[in-house]
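Those letters in the sequence shown? Residues 1 to 351, by UniProt numbering.
Read the hints as simulated data drawn from the structure, not as lab findings.
Careful, some of the hints might be misleading.
No more than 20 angstroms apart at the CA atoms, straight line, and that leaves these computed lysine to aspartate or glutamate pairs for EDC-like [to be verified]:
id, residue 1, residue 2
1, K243, E277
2, K211, D115
3, K104, D115
4, K211, D340
5, K243, D216
6, K7, D66
7, K65, E53
8, K243, D340
9, K65, E5
10, K243, D259
11, K211, D25
12, K211, D193
13, K211, E182
14, K104, E125
15, K243, D313
16, K65, D115
17, K104, D56
18, K167, E195
19, K285, D313
20, K167, D193
21, K65, D23
Note that this is a predicted model, so its numbers are computed, not measured.
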Amino acid sequence: MGYLELKGLRKSFGGQPALDGLDLDLSEGELVSLLGPSGCGKTTALRIVAGFETADTGHVVVAGKDITAVPANRRDMGMVFQAYSLFPNMTAAQNIEFGLRLRKASGPERAKRVDELLELVGLGEFGARYPHQMSGGQQQRVALARALAIQPRVLLLDEPLSALDAKVRVSLRDEIRRIQTELGMTTLFVTHDQEEALAVSDRVGVMSQGKLEQLDSPAVVYREPASAFVAQFVGVTNAVLGKAASGAVRLGTFTLPTDAAAELADGSDVKVIVRPEDIGIVEHKGESNGSLLGSVLTQSFLGPVTRLVVRLDGDEQLVRVDQPSNLAAAYPPGTAVALDFNASRFLVVPA
């Protein structure tokens, strides 16, 4: 039994299902991200936990207590939104202490808590500043401190970094993880950004059409995707078209042995889903050696790696291949190459 439990949540809007029997458990102190495209139901799930939406069916349980019918203001949830939602006429300190005032905390207690939280989020000298005097990242830190001020049982983060520029987003992402770990705060984090979800989470729940496709550690979600959707949504993948053929897949003149093809009818169209870093590449000098052949079309420098786009011989499909940047110079555009797939790291699915 988890600390936060979502049991069979269903929700429709105008007859269109947003959640379709969602089950999810979070352990105490765990950070779980709900990751998925727009409209997959992740924000609806978060709003039901917060009490801002009511599920058509299902239950929300915290620490063994069913809170499905408890009003939002009595759920002891802290929430941070995409928009900072600070009161513009209040200073950072006043914004943080707002919830404490509503709970009738004493003046000294409020002041002590505000000082602690300003230090925690790295804004010890910013208490007297108004929102318009702070950057977007600083405002979101204040919003996080305000959510933590009431010492919530669960912290809910709804796309909290998407309005920030890239450098600030990475910095604040790391800060959120540090603070969450330091406080041992049970946290549900909603995002459409796969890198964000993989970086901050104990587990990642990948959602599609109101359902969980997979719930696992970031490494397992990335390396062992449970479905074609997860494989293609999380990270960069290639989807190479081919045909099933007696325990193998035919990709042009290349035969790729795989047990996965045994379940598919011979001659049926399939896709081989493989990540760019899981494809080997060598210069082709005349002998195919059973490899997939093509020629380098372009190179894109990405820092530690360079991404090669290879056009396959015969059918014009494009395949992305990642190489360490110090080795990529050996494959300038126009180079004939042979590709080899890591046998343990690809999926075969019906096309």
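Status of each hint after checking the structure:
{"no.": "1", "hint": "K243 with E277", "in the structure": "23 angstroms, violated"}
{"no.": "2", "hint": "K211 with D115", "in the structure": "41 angstroms, violated"}
{"no.": "3", "hint": "K104 with D115", "in the structure": "18 angstroms, holds"}
{"no.": "4", "hint": "K211 with D340", "in the structure": "35 angstroms, violated"}
{"no.": "5", "hint": "K243 with D216", "in the structure": "31 angstroms, violated"}
{"no.": "6", "hint": "K7 with D66", "in the structure": "10 angstroms, holds"}
{"no.": "7", "hint": "K65 with E53", "in the structure": "19 angstroms, holds"}
{"no.": "8", "hint": "K243 with D340", "in the structure": "17 angstroms, holds"}
{"no.": "9", "hint": "K65 with E5", "in the structure": "10 angstroms, holds"}
{"no.": "10", "hint": "K243 with D259", "in the structure": "14 angstroms, holds"}
{"no.": "11", "hint": "K211 with D25", "in the structure": "14 angstroms, holds"}
{"no.": "12", "hint": "K211 with D193", "in the structure": "18 angstroms, holds"}
{"no.": "13", "hint": "K211 with E182", "in the structure": "31 angstroms, violated"}
{"no.": "14", "hint": "K104 with E125", "in the structure": "26 angstroms, violated"}
{"no.": "15", "hint": "K243 with D313", "in the structure": "16 angstroms, holds"}
{"no.": "16", "hint": "K65 with D115", "in the structure": "32 angstroms, violated"}
{"no.": "17", "hint": "K104 with D56", "in the structure": "35 angstroms, violated"}
{"no.": "18", "hint": "K167 with E195", "in the structure": "13 angstroms, holds"}
{"no.": "19", "hint": "K285 with D313", "in the structure": "14 angstroms, holds"}
{"no.": "20", "hint": "K167 with D193", "in the structure": "14 angstroms, holds"}
{"no.": "21", "hint": "K65 with D23", "in the structure": "16 angstroms, holds"}
Figure legend: structure checked against the earlier numbered hints; hints not met, in rising order: 1, 2, 4, 5, 13, 14, 16 and 17.
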